[in-house]
Amino acid sequence: MNAGARSTQASILLFLHADTHLPPAALAQIQAALRDPDVQGGCFELRFEEESQSATLRLWSWFTRTGCCRTPRLVFGDRGIFVRRKAFEQMQGYREWPLLEDVDFAMRLAKLNRRAFRFLPVAVTTSARRMLAMGPLKQQLLNTCIIVCWYLGASPERMRDWYRYYTAPPARRP
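Residue numbers (the numbering used here): 34 to 207.
Source of the hints: derived by calculation from the structure; they are not laboratory data. Don't be surprised by glycine CBs; every beta carbon is placed ideally from N, CA and C. Hints are supplied without guarantee of correctness; some may be wrong.
[Stated by the list, open to error] Here are the simulated distance ranges between beta carbons:
hint	residue 1	residue 2	range
1	Gly-186	Ala-58	22 to 30 Å
2	Ala-43	Met-140	31 to 39 Å
3	Leu-174	Met-140	17 to 25 Å
4	Gln-123	Ser-160	29 to 37 Å
5	Gln-64	Cys-101	23 to 31 Å
6	Pro-154	Leu-92	29 to 37 Å
7	Gln-125	Gln-86	16 to 24 Å
8	Val-181	Lys-144	27 to 35 Å
9	Arg-118	Pro-154	21 to 29 Å
10	Leu-92	Pro-70	34 to 42 Å
11	Glu-190	Lys-144	30 to 38 Å
12	Val-181	Ala-201	36 to 44 Å
13	Leu-92	Arg-162	16 to 24 Å
14	Thr-200	Leu-60	31 to 39 Å
Turn these sequences into a full structure, and let the hints steer you where they fit.
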């Protein structure tokens, strides 16, 4: 992500997973949010392409649009993170971590000022392939455990190792 930011001179940066799609109004929403000089960046709400296949996915999408998940502490890159270049540089970009760099970035962005982080009222659409591979409930439980352990002081490298272990097929686990 830092390399991508270095490759452009744009004043606004948008970090988007390859399997995440912007809604038609996305760029207008970003521009509108950034008219407020206190807003330094933010993210979108989330929907899954495969929501029709799983009530759990529909529920998780709904949670991302309600108060309980509208915190930078739960913002992963699949939600599309945008930021002013000036704020990005002030924060020295993303940390070069193997996991949770997006959550860390969103949390640091939100700390720039009281109104720095904005949740946009439109949703990006992303693939749920990882959730469907493991099962949405198991995937959310794993994500929650990893975040809690990280908040309690576990390193991103350890979290990456745990994530790889628990998402590997049982026959491939050490």
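Violated hints - listed by number, lowest first: 1, 2, 6, 7, 8, 11, 12
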